[in-house]
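Based on these hints, arrange chain B on the given structure of chain A.
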Amino acid sequence: MNPMSSSASEAAERSAWSISADARDGFAARVREVWQYRRILWFFALRATQALYRKTYLGVWWLFIRTLVPLIVGAFVFGAVINVPSGGVPYLVFFLAGQLAWNFFDGPLVRASRGIDGNRQLLTKLYIPRIILPLGQMAAGVVEPIIIAVILVVTVVYYRRVDGVWYVQPGLRLMAASAAVLVILWFAFALSLFTSVWQGRARDTRFVLRHIVGFWLFLTPVVYPASQVPARIRWLIYVNPLTAPVETFKWAVLPGMEHSWPWFMYSVGLTAALFVAGLWYFARSEGATMDKL
Amino acid sequence: MSARWEFGSRSPGVGATTVDVWQHRWLLRTVAVRAFQRMYRRTILGWLWLVINPLLPLVIRAIIFGALLGVSSDGLPYFLFLLGGSIAWDLFAATLMRGTRALEMHGEMSDLIYYPRAILPIGNIAPALLELGIKLGVFVVALVYYMIHDGRLYVRSDAALLWGLCALVLALIFALAISLFTSVWGETTRDTRFALNQLSSVWYLLTPVLYPMSQVPEAYRGWIVWNPMAVIVETFKWGVFGVGTFQPVLFAWTATAIGGLFLAGLIYFTRTEARIIDAR
Chain A
2 MNPMSSSASE AAERSAWSIS ADARDGFAAR VREVWQYRRI LWFFALRATQ ALYRKTYLGV
62 WWLFIRTLVP LIVGAFVFGA VINVPSGGVP YLVFFLAGQL AWNFFDGPLV RASRGIDGNR
122 QLLTKLYIPR IILPLGQMAA GVVEPIIIAV ILVVTVVYYR RVDGVWYVQP GLRLMAASAA
182 VLVILWFAFA LSLFTSVWQG RARDTRFVLR HIVGFWLFLT PVVYPASQVP ARIRWLIYVN
242 PLTAPVETFK WAVLPGMEHS WPWFMYSVGL TAALFVAGLW YFARSEGATM DKL
Chain B
109 MSARWEFGSR SPGVGATTVD VWQHRWLLRT VAVRAFQRMY RRTILGWLWL VINPLLPLVI
169 RAIIFGALLG VSSDGLPYFL FLLGGSIAWD LFAATLMRGT RALEMHGEMS DLIYYPRAIL
229 PIGNIAPALL ELGIKLGVFV VALVYYMIHD GRLYVRSDAA LLWGLCALVL ALIFALAISL
289 FTSVWGETTR DTRFALNQLS SVWYLLTPVL YPMSQVPEAY RGWIVWNPMA VIVETFKWGV
349 FGVGTFQPVL FAWTATAIGG LFLAGLIYFT RTEARIIDAR
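Taken in order, these protein sequences are the chains called A and B. Sequential numbering from 2 applies to the first sequence in the working numbering. Sequential numbering from 109 applies to the second sequence in the working numbering.
The following block holds chain A by itself, in its conformation from the complex:
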C-alpha cells in the first residue's frame, strides 16, 4: 500500500473503505440481515427447485418417477413380502404416512447440506448471509413430500371407495401433524448447519451423509410402527430424535396409532439445542470455510 502523508486523504479513504476482520455481529443482527436479503432466499429456493428436474431427459416427470417408484416398490416389499404389521391400517396408507413424515427430513437435509458446496462460484464473488444458502436449498426438499402427500390423499380416497372408511380424519389432530412436520424440518435445518459447512470443506461428506440417512431410516419407525419394539427397550428407539415426531405424525394422521408427548417434547428440546449449537458453529466457521472454498 502506498503510504499517504496527508491526513485528509487518509480520512477520506477510511470513510470509503472499511474492512474489519471481526465481523462477529450479534444474533439479532444476523436475523435482521437474513430478513434484508429475503429476496435472495426466494431466488435460491426457486433455483434449487428447478435444479431437481432441469437438464434431465424426462424433465418434471423425472421428479415424479423418482418419488413414485421407490414408494411403490417399498410398499410392495415391506407390506406384501415382509408383512410388516401396520396397526390395522392398510399397509400402503401406513407406509405413505411414514414416508411423508420421513421425507420432510431426508430431502431437506441432503439438499440443505449442498448449500455452500453447490454455490461455490457465487460465494467466491459476492457477499450474502451464508445461512440463506442451506435455508433456500431446503425449500427444494419440500417438493417430494408434497408429491407424497398428494399420493397419500389419492390412496385414502381409493380406500374410502374400497373399504368405505376414511383412514385420514380431518380434525384438530392434524394440527399435531403440522407441529410434527415443523419439528422434523427444524431438525433437518439444525443438522444442515453443521453438514453444509462440512460439505463445503470436503465434498465427499454427501456420500457419507447419504449413507447415514440411509440407515437412519431403518432406525426410525417409518416402515414399521414403534410399537413393534419390545416395550422393555422401546425407549431406545425414542432416543433417536426423529422417532417421536414421526410417531406423532402417524398418530395424528392415522387412526389407532400410539405416540408419546413427553418424548415429543424431548425431540423438540434436543432440536432446539442442536439448532442453537448449529447457529453458533455455522457463524463461527463460515468465515474460515469461505476462505477455503
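Heads up, a few of these hints could be off.
Not the full set, but computed from the structure, chain B residues with beta-carbon under 7 Å of chain A [to be verified]: (1) V167; (2) G174; (3) L176; (4) L177; (5) V179; (6) V310; (7) L313; (8) Y319; (9) Q323.
What the hints contain is simulated information worked out from the structure, not anything from laboratory work. Think of the CB as a built atom: it goes at the ideal place given N, C-alpha and C, for glycine as much as any other residue.
Chain B alone, transformed into the frame defined by chain A:
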C-alpha cells in the same frame, strides 16, 4: 530403437480390444492402486471405513429386520442369512458403482497417454473385491460363532459350493457389463450416477436379500425371473447354505443373457471409446 507412430481415429473390434487390454494388463495395478488411494484419502477415519462401510448397515439391518420385524430366513440365523445375500448383492452393487465412476475418476490419465479405456472399469473395481474379501472374512467368523453357539455348521461342504462361486462370478460380470454402458453415459451426463444410486436401492429391495424368495407371494414369484440378481442371489444362497431353490435352466438362461449383455457392452464401449475422449 524403432518407434512406430500411428495417428488417426480407429475403432477396433471387440477382439482387438480384448487383446489390447491383455497387453496393457500391467495398468490394472496402477488403476487399482489409484482407486484405493482416492477412496479413503482425506477422510477422518481413513482405512477404518473399509470395515465400517460394509458392516454397519449389515448390523443395523440384521437388528431391524431380523430381531424387530422377525423376517423369516429359511431356518438360518437371520444375520447369517442376510450376510450371505449381502455378499452376492454388495459385490454387484459396489462393482456397478465403481465401474460406472471409472472414466470419471481416472479420465485425466487418458489426456496423457494411450491405453485401452476398458482397463478403467476393470481396474477400478478393486476396492469392491477387497470389500468382498472383508465380508467373506466376517462370514467365516460368523460361521465359527454359530458353530460354537448352535453346534451346527450352516454352510454346505459339497460340490454345490461351486455353484455359489459361479453365482458370485456372474454377479461380477453382470455389474461390469452394465458399467460398460453406464460409465460412458456418466461421462456425458452427470446425473447418471444419481439415477443409478436410486435404481440400485430400488433394485436391492426387489432382490431377495432381506427376505427369502419363499416369502414372496405366489402371484408375484413368476416376475422374479426378470430380475437376474434375484436368480443370482438365490443360486448363491442355495450353493452356500443349501436353502431356497435352485433352477439350473433359469440360471443358465440368466448366464446367457448376461453374457450377451457383456458382449454388447464391449461393442458399445469400443465404438464410443474415441468419442468419450473427445467429449472430455
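Status of the hints after comparison with the structure:
no.	hint	result
1	V167	violated (9 Å)
2	G174	violated (11 Å)
3	L176	holds (6 Å)
4	L177	holds (6 Å)
5	V179	holds (5 Å)
6	V310	holds (5 Å)
7	L313	holds (5 Å)
8	Y319	holds (5 Å)
9	Q323	holds (5 Å)
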